[in-house]
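**Q** This is what each chain is made of:
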Amino acid sequence: MAKEELLEIKDLVLNFYTYEGVVKALDGVNLHIREGETLGLVGETGCGKSVTSFSTLVLVPTPGKIEKGHVFFKIQNKKIDLLKQDERFLRSMRGYDISMVFQEPRAYLNPVYTVSDQISEVLLKHRKEEFLKKTIEMIEKERKEKGLEGSTFEMRIYKRMIEKPNSLITRILSKIPGSQRSLKRELQKEVVRILKEMEIPNPERVANMYPHELSGGMAQRVVIAMALACNPKLLIADEPTTNLDVTVQAQILNLIKRLKKKFKSSVLYITHDLGVVAEISDRIAVMYAGNVVELADVYELFKRPLHPYTRGLLESIPRPGKPLKSISGSVPNLINPPSGCRFHPRCPYAMDICRKVKPVFREIGKDHYVACHLFGGSK
Amino acid sequence: MTTSSRWEEFKISMQPRIKEWKFMLRRMRESPLSIAGIAIIVGFIIIALLAPVLAPPTNSDPFIIPSDDEISKLDPTPIPPSTKHLFGTTGIHQYDIYYACIWGTITAFRVGITTVAISLIIGLTVGVAAAYYGGMADEVLMRFTDIIIAFPGLILAMALVIAIPSTFSLNISLILTVILGLTVLFMFLKRVNMKITAPLLIIFIVALVSLFNPINLDFNINRLDKVLIALWLIGWPSYARVIRGEVLRVKNEDFVEAAKAAGASDLRIVMKHLLPNSIYPVLIMASLDTGSIVLTAAALSFLGLGAPTNYADWGQIIQRSQTWIYAGGNLVRNMHVFLIPGIFIFVFVLGWNLLGDAFRDVLDPTLRRR
Amino acid sequence: MGLATYVIRRLIFLIPVLLGVTVLIFALTMFFSPTQRALLYIRNPQALRPEAIQGVIDKYHLNDPFYVQYFVWLSEILKGNFGWSKSANMPVLSAIAVKFPATFEIIMFAAPVIVILGLYLGIQSAVHRDTIVDHITRTTSIIGWSLPSFWLGLVLLAIFYGYLGWCPPGRLSSDAQNFVVSGQFTKYTGLYILDGFLNGQLWISWDAFRHVILPATVIIVIDIALIVRVARSSMLEALTKAYVIAARAKGLTEKEVINKHARRNALIPVVTISGLLVGGLITGVTITETVFGFGGLGNWAATSAQHLDIPSVLGFAMFTAIVFVITNLIVDILYAYIDPRIRLT
Numbered sequence: 001m002a003k004e005e006l007l008e009i010k011d012l013v014l015n016f017y018t019y020e021g022v023v024k025a026l027d028g029v030n031l032h033i034r035e036g037e038t039l040g041l042v043g044e045t046g047c048g049k050s051v052t053s054f055s056t057l058v059l060v061p062t063p064g065k066i067e068k069g070h071v072f073f074k075i076q077n078k079k080i081d082l083l084k085q086d087e088r089f090l091r092s093m094r095g096y097d098i099s100m101v102f103q104e105p106r107a108y109l110n111p112v113y114t115v116s117d118q119i120s121e122v123l124l125k126h127r128k129e130e131f132l133k134k135t136i137e138m139i140e141k142e143r144k145e146k147g148l149e150g151s152t153f154e155m156r157i158y159k160r161m162i163e164k165p166n167s168l169i170t171r172i173l174s175k176i177p178g179s180q181r182s183l184k185r186e187l188q189k190e191v192v193r194i195l196k197e198m199e200i201p202n203p204e205r206v207a208n209m210y211p212h213e214l215s216g217g218m219a220q221r222v223v224i225a226m227a228l229a230c231n232p233k234l235l236i237a238d239e240p241t242t243n244l245d246v247t248v249q250a251q252i253l254n255l256i257k258r259l260k261k262k263f264k265s266s267v268l269y270i271t272h273d274l275g276v277v278a279e280i281s282d283r284i285a286v287m288y289a290g291n292v293v294e295l296a297d298v299y300e301l302f303k304r305p306l307h308p309y310t311r312g313l314l315e316s317i318p319r320p321g322k323p324l325k326s327i328s329g330s331v332p333n334l335i336n337p338p339s340g341c342r343f344h345p346r347c348p349y350a351m352d353i354c355r356k357v358k359p360v361f362r363e364i365g366k367d368h369y370v371a372c373h374l375f376g377g378s379k
Numbered sequence: 001m002t003t004s005s006r007w008e009e010f011k012i013s014m015q016p017r018i019k020e021w022k023f024m025l026r027r028m029r030e031s032p033l034s035i036a037g038i039a040i041i042v043g044f045i046i047i048a049l050l051a052p053v054l055a056p057p058t059n060s061d062p063f064i065i066p067s068d069d070e071i072s073k074l075d076p077t078p079i080p081p082s083t084k085h086l087f088g089t090t091g092i093h094q095y096d097i098y099y100a101c102i103w104g105t106i107t108a109f110r111v112g113i114t115t116v117a118i119s120l121i122i123g124l125t126v127g128v129a130a131a132y133y134g135g136m137a138d139e140v141l142m143r144f145t146d147i148i149i150a151f152p153g154l155i156l157a158m159a160l161v162i163a164i165p166s167t168f169s170l171n172i173s174l175i176l177t178v179i180l181g182l183t184v185l186f187m188f189l190k191r192v193n194m195k196i197t198a199p200l201l202i203i204f205i206v207a208l209v210s211l212f213n214p215i216n217l218d219f220n221i222n223r224l225d226k227v228l229i230a231l232w233l234i235g236w237p238s239y240a241r242v243i244r245g246e247v248l249r250v251k252n253e254d255f256v257e258a259a260k261a262a263g264a265s266d267l268r269i270v271m272k273h274l275l276p277n278s279i280y281p282v283l284i285m286a287s288l289d290t291g292s293i294v295l296t297a298a299a300l301s302f303l304g305l306g307a308p309t310n311y312a313d314w315g316q317i318i319q320r321s322q323t324w325i326y327a328g329g330n331l332v333r334n335m336h337v338f339l340i341p342g343i344f345i346f347v348f349v350l351g352w353n354l355l356g357d358a359f360r361d362v363l364d365p366t367l368r369r370r
Numbered sequence: 001m002g003l004a005t006y007v008i009r010r011l012i013f014l015i016p017v018l019l020g021v022t023v024l025i026f027a028l029t030m031f032f033s034p035t036q037r038a039l040l041y042i043r044n045p046q047a048l049r050p051e052a053i054q055g056v057i058d059k060y061h062l063n064d065p066f067y068v069q070y071f072v073w074l075s076e077i078l079k080g081n082f083g084w085s086k087s088a089n090m091p092v093l094s095a096i097a098v099k100f101p102a103t104f105e106i107i108m109f110a111a112p113v114i115v116i117l118g119l120y121l122g123i124q125s126a127v128h129r130d131t132i133v134d135h136i137t138r139t140t141s142i143i144g145w146s147l148p149s150f151w152l153g154l155v156l157l158a159i160f161y162g163y164l165g166w167c168p169p170g171r172l173s174s175d176a177q178n179f180v181v182s183g184q185f186t187k188y189t190g191l192y193i194l195d196g197f198l199n200g201q202l203w204i205s206w207d208a209f210r211h212v213i214l215p216a217t218v219i220i221v222i223d224i225a226l227i228v229r230v231a232r233s234s235m236l237e238a239l240t241k242a243y244v245i246a247a248r249a250k251g252l253t254e255k256e257v258i259n260k261h262a263r264r265n266a267l268i269p270v271v272t273i274s275g276l277l278v279g280g281l282i283t284g285v286t287i288t289e290t291v292f293g294f295g296g297l298g299n300w301a302a303t304s305a306q307h308l309d310i311p312s313v314l315g316f317a318m319f320t321a322i323v324f325v326i327t328n329l330i331v332d333i334l335y336a337y338i339d340p341r342i343r344l345t
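Chains as they are written, first to last, in the numbering used here: chain Y, 1 to 379; chain D, 1 to 370; chain X, 1 to 345.
Be aware that one or more of the hints could be misleading.
[Claimed, not checked] Here are a few chain X residues that sit away from chain Y, every Cβ distance over 10 angstroms (derived from the structure):
no. : residue
1   : Val7
2   : Ala27
3   : Val72
4   : Gly80
5   : Ser94
6   : Val98
7   : Gln124
8   : Thr131
9   : Asp134
10  : Phe160
11  : Ile193
12  : Leu202
13  : Trp203
14  : Ala247
15  : Val331
[Claimed, not checked] Derived pair list, reagent style DSS-like, types lysine-lysine, alpha-carbon separation capped at 30 angstroms:
no. : chain 1 : residue 1 : chain 2 : residue 2
16  : Y       : Lys68     : Y       : Lys358
17  : Y       : Lys184    : X       : Lys260
18  : X       : Lys241    : Y       : Lys24
19  : D       : Lys19     : X       : Lys255
20  : X       : Lys241    : Y       : Lys175
21  : Y       : Lys196    : X       : Lys260
22  : Y       : Lys325    : Y       : Lys303
23  : X       : Lys187    : Y       : Lys128
24  : Y       : Lys175    : X       : Lys260
25  : X       : Lys255    : Y       : Lys133
26  : Y       : Lys189    : X       : Lys255
27  : X       : Lys255    : Y       : Lys134
To be clear, the hints were calculated from the coordinates, so they are not data collected in a lab. For glycine and all other residues, C-beta sits at the position ideal for the given N, C-alpha and C.
I would like the entire structure built from these sequences, with the hints used as guidance.
**A** What follows is the structure, given as C-alpha cells:
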C-alpha cells in the first residue's frame with residue numbers, strides 16, 4: 001500500500017447463496033483510493049458496484065458471504081484489514097471513519113423520526129463525550145453569567161455519563177424525561193450547523209421535519225449531512241443522484257465537490273453515468289461482471305482507454321450525427337459466468353487465452369491499471 | 001394459424017406462471033406445518049366420505065343422532081366411553097357422541113365451505129364492482145360493508161339468528177323484478193354490451209308481468225339454516241374490502257392502462273388482469289376463514305342458538321355438557337362429553353389455519369427467492 | 001395537516017357508520033310484528049289487557065310507514081329507551097350499565113397481557129427468525145387461535161376447578177357475594193378486585209381474582225395469536241427496509257437497530273390490528289362468561305338470545321357495535337400519532 005493510499009481492496013471474492021444457485025458476484029475485485037481523491041466507480045447495473053461498497057463497510061447482506069480477499073484501510077498511519085476485525089471495531093468505524101450515502105434517500109431515512117433525531121443519532125454514537133463536555137461547559141457558562149455557583153442535576157448526570165457510561169444507574173438517570181434537554185439543545189445546534197453547511201435553506205425548520213416532507217434533493221442533502229456529521233475520511237456515495245432531476249443532480253455534485261475539498265475526505269463515487277463520473281472524479285475504476293477491469297486518471301482513461309470494455313463504453317456514448325454503437329451481447333449470468341476473462345464472449349479482440357485464464361490486474365504505464373491479456377494480464 | 005401452434009403459444013405464455021406455481025408448491029411441500037394442515041383436512045374429508053360406513057344411520061335423516069332412551073330412563077347421567085358407545089353419551093337423552101362426531105364432520109364441511117363460497121361470490125362481486133367503478137358506487141358499497149363490519153361477528157350472528165323468522169314467504173316476482181330492473185338500469189348506464197343486456201331485459205319483463213299474479217315461495221327455516229344464513233350475511237364484507245383494496249392497488253398499475261389502450265373491454269380487464277393479481281390475499285383469507293366460520297358456528301350451537309338438540313353438530317354436543325358444570329366433580333367425570341367433540345373442532349380448525357398460514361408464508365414477499 | 005384536523009375528519013366519517021348501525025338494528029326489529037314489538041317495551045306482558053297493547057302500538061307508531069317508525073325508534077334510543085330486558089328484569093340500558101363492570105374486569109386483565117406479551121413474542125420471533133423460539137411461538141399461537149374458546153374454558157374449568165378446586169366458576173364465591181351486597185361493602189367501581197382494596201377487604205380481591213383468572217386466560221390464549229402474527233410479520237418487513245441498512249452503516253449496534261429503528265415502524269400495523277382485537281375480546285367475553293357463569297354482559301346476551309329476549313340481544317348488539325366503532329376511531333388516531341406520514345391523507 002503506497003504511502004498516501006487510504007483504502008485498498010485486494011482480490012475480494014464474494015458469493016451470494018440463493019435458491020437458484022451460487023451467484024459469484026465479486027470475482028477478485030481490486031481497487032485503491034488515495035487520500036483526498038475522488039475515485040469514480042463505473043459499471044452497468046449488476047456488475048457489483050454496490051456490493052463492493054457494502055463490503056468496504058463489511059455490511060454484506062445475507063445471503064452474501066465474503067469468501068476471501070482483503071480490505072485494507074489506513075487508520076492512524078497503520079494499514080488494517082477490515083475483514084479481520086471484530087464487530088465492535090467495525091461499528092466504531094462505520095459512520096465515523098467511513099460513511100455511506102445511498103441511492104433513494106427517502107427510503108434510507110426512517111419515516112417515524114425527524115431529520116434532527118437521525119442526524120443527532122450519529123453524533124451521539126461517535127462524538128458523545130465531546131458533546132457531553134460541550135454541554136457541561138455551556139451550562140457552566142450560562143450559570144456563571146447569571147451569577148450562580150455549583151452544578152445542576154443535569155450537569156451531574158452528564159458528568160456521570162462521561163465517567164461511567166455503562167452503569168445501570170447512569171442509564172436509568174439518562175432516561176428521566178427532561179434530563180437531556182441541554183444536551184439535545186447542543187446537538188440541535190450542531191445539526192442546524194451541518195444542515196447549513198449542506199446549503200439547505202431554512203435549516204432550523206428542516207431539522208424538525210419528517211423524511212416524507214422533504215423533496216428528493218433535500219432528502220439527499222440530509223443523508224449527506226448524516227454521512228459527513230463526523231467528518232469521515234472516506235465517503236462512499238452509491239449512485240446518490242440517479243433518482244434526482246438533472247438540475248438537482250448538478251447541485252448535489254457541486255456540493256460533494258465542495259465538501260470534499262473542505263473536509264479533506266476521499267470519495268468513492270459509484271454510478272453508471274459516464275458524464276457524471278467524468279465530472280466529479282480524479283480517477284476512475286471501471287467494473288464489469290464482478291471485476292475491476294481498468295483504473296486510471298480520469299483524463300488518461302478518456303484519452304487512452306485500454307480495456308476493450310472501457311473502449312466499448314466510451315464508444316457507445318451517443319454523439320450527434322454519428323450512428324449509435326453498442327457492445328454486442330449482454331451482461332453474463334453470474335451463476336454460471338464465462339470462464340477465464342468474464343468479458344471474452346463480448347470482446348472483439350478475444351484470444352484463445354482469454355477463454356482459459358483470468359487476466360491479472362496490474363499496472364501498465366504510469367498509474368494506469370488494467371486486467372486484460374492484451375496488456376500483459378498473463379504475467 | 002394451426003391449432004397446434006396456438007396450443008404451443010399458450011404453453012409458452014403460461015410458462016412463467018407455471019414456474020411460479022412450481023416454486024409455490026415446492027415451498028409448501030418443504031414446510032412441515034403446511035403438510036400437517038393438508039393431511040388433517042384430507043383426513044377429515046375421508047371421515048366425511050366414510051360416514052355412512054363408520055357410523056351407520058339409524059334414522060331416515062342421518063343427521064339425527066341416535067339416542068338411547070331405555071338407558072336414559074334408568075340413568076340420565078352421561079355414560080363414559082364403552083364398547084357400545086365409543087365416545088360415550090351425553091346425559092338425559094343419551095345421545096351417542098361417536099355418531100355425532102362422525103356426522104358432525106359433514107356438518108362442519110357443509111357450514112364452512114358453503115359459507116366461504118357464498119361469501120366469496122358476494123364479496124368478490126361487490127369488491128370488484130366498488131373498486132372498478134369507483135365514485136359514488138364505491139362509497140355506498142363501502143359504507144354498507146363498514147356497517148356490517150362494525151359488529152363483532154358472533155354478536156351480529158346472534159342477533160340475526162333470533163330475528164330470522166322460522167317460516168318465510170318470498171314474493172319471487174317482486175324480488176326478481178327489483179333486482180333485474182336495477183341490473184338492467186345499471187347496464188344501460190354503463191353501456192354494457194347488448195348481447196348481455198337483452199336476455200336479462202326479457203326476463204325482467206316476464207317478472208314484471210308476473211307481478212299481477214305473483215309467485216310466492218314458502219320456506220321453512222330450521223335452526224341450522226338460520227345459522228347458515230346469518231353466517232352468509234356476515235361473511236362477505238371482509239372479502240369485499242380485501243379484494244377492493246387489491247384491485248385498487250393493481251388498477252393503477254401501468255399494464256391495466258396498456259390493456260385499456262389496446263382496446264380490452266371492462267370485463268376482460270377484470271377477469272384477465274385484475275383478478276389473477278389480486279387473488280392471493282383472498283385465497284389466504286378463505287382458508288383461514290373456513291376455520292373461524294366453523295368456530296363461530298360451534299359457538300352459536302354452544303350458546304343454544306344453533307343446531308337443534310338431536311342434530312349431529314360438534315358445538316351442539318358440547319352444549320349438552322353445560323348441565324353438568326356447576327357440580328364440579330361431575331364436570332371431571334363427564335369430561336368425555338365435551339373433550340372429544342372439542343378435539344374434533346380444534347383439529348379441524350387447526351388444519352385450515354395451518355393451510356392458510358402456509359399459503360401466507362409462501363406468498364410472503366420478504367421470504368421469496370432467498 | 002395536523003393531528004387535530006385528522007381527528008375531526010375521522011369523527012365526521014364516524015357518523016354515517018353509526019347511523020348505519022342503527023338502521024341495521026332497526027331493520028332487524030322489523031322482522032317482528034307490531035304486537036310483538038309493542039311487547040318489547042312492556043315490563044310485564046302477562047298483566048296487560050289487549051286494548052292496552054293497542055295503546056302501546058300507537059305510542060310508538062308501530063303501524064306507521066317504516067321511515068316514521070325509524071325516527072320514533074331512534075329518538076327513543078337517544079332518550080335511552082332500548083326496551084325492557086326480560087332476562088335482567090330492568091330496562092336494557094340499565095342492564096348494560098349494571099353488568100358492564102364484570103365484563104370490564106375480565107378485559108382489564110386480558111387486554112394488556114395480549115398486547116404486551118403478544119408484541120414481545122412477535123418481535124422476538126421476527127428477530128430470531130427460524131430458530132426454536134420462532135417455531136415455538138408460532139406453533140403455540142396458531143394452536144391458540146384454533147381452539148374453540150368454550151372448549152378451552154371447559155377444559156380449564158375441569159382441571160382447575162373440577163380437579164384442583166382452585167378457580168371456581170361464577171364471579172365470587174357465595175361468602176364473598178353475601179358480603180358484597182351487605183351494607184359493609186361499598187361498590188366504588190364495581191370492579192371487585194379494586195373495590196376489595198378500597199374497602200380494605202383483601203380477601204374479596206383475592207376471591208374475585210381467583211374467579212377472573214380462568215376466563216381471562218382463555219381469552220388471552222386465543223386472541224394473542226392475532227397480535228403475535230402481525231407483530232412478527234411487520235417486524236420482519238421493517239427489518240428488510242433500507243433505513244435499517246442505513247442505521248447499520250451509521251455504526252449502530254444490532255440491538256439499537258432493532259429497538260430504535262425497526263421496532264417503532266413494526267408497531268404501526270399492530271396498532272391498526274388492535275381495533276380488530278376489540279372484536280375478538282367482545283366475542284371471547286360473550287362465550288367465556290357463559291361457560292363460567294360470570295354474570296357480565298356476555299352472559300346476559302347469551303341467555304337473552306336463548307330466551308328470545310329481543311331487546312336485550314339487539315341492545316347488546318348495538319352497544320358492542322358502538323364500542324367497536326369508537327375503539328377503531330381511537331386506534332386510528334393513535335396510528336396517526338405514531339406514523340407522521342398518515343396525517344397527510
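**Q** Now tell me if each hint is right for this structure.
**A** For each hint, the structure was consulted:
no. : hint                  : result
1   : Val7                  : holds, 19 angstroms
2   : Ala27                 : holds, 43 angstroms
3   : Val72                 : holds, 50 angstroms
4   : Gly80                 : holds, 43 angstroms
5   : Ser94                 : holds, 44 angstroms
6   : Val98                 : holds, 41 angstroms
7   : Gln124                : holds, 19 angstroms
8   : Thr131                : holds, 15 angstroms
9   : Asp134                : holds, 16 angstroms
10  : Phe160                : holds, 39 angstroms
11  : Ile193                : holds, 31 angstroms
12  : Leu202                : holds, 32 angstroms
13  : Trp203                : holds, 37 angstroms
14  : Ala247                : violated, 7 angstroms
15  : Val331                : holds, 17 angstroms
16  : Y:Lys68 <-> Y:Lys358  : holds, 17 angstroms
17  : Y:Lys184 <-> X:Lys260 : holds, 17 angstroms
18  : X:Lys241 <-> Y:Lys24  : holds, 24 angstroms
19  : D:Lys19 <-> X:Lys255  : violated, 39 angstroms
20  : X:Lys241 <-> Y:Lys175 : holds, 28 angstroms
21  : Y:Lys196 <-> X:Lys260 : holds, 27 angstroms
22  : Y:Lys325 <-> Y:Lys303 : holds, 18 angstroms
23  : X:Lys187 <-> Y:Lys128 : violated, 55 angstroms
24  : Y:Lys175 <-> X:Lys260 : holds, 14 angstroms
25  : X:Lys255 <-> Y:Lys133 : holds, 26 angstroms
26  : Y:Lys189 <-> X:Lys255 : holds, 28 angstroms
27  : X:Lys255 <-> Y:Lys134 : holds, 28 angstroms
Going through the hint list in order, the structure does not satisfy hints 14, 19 and 23.
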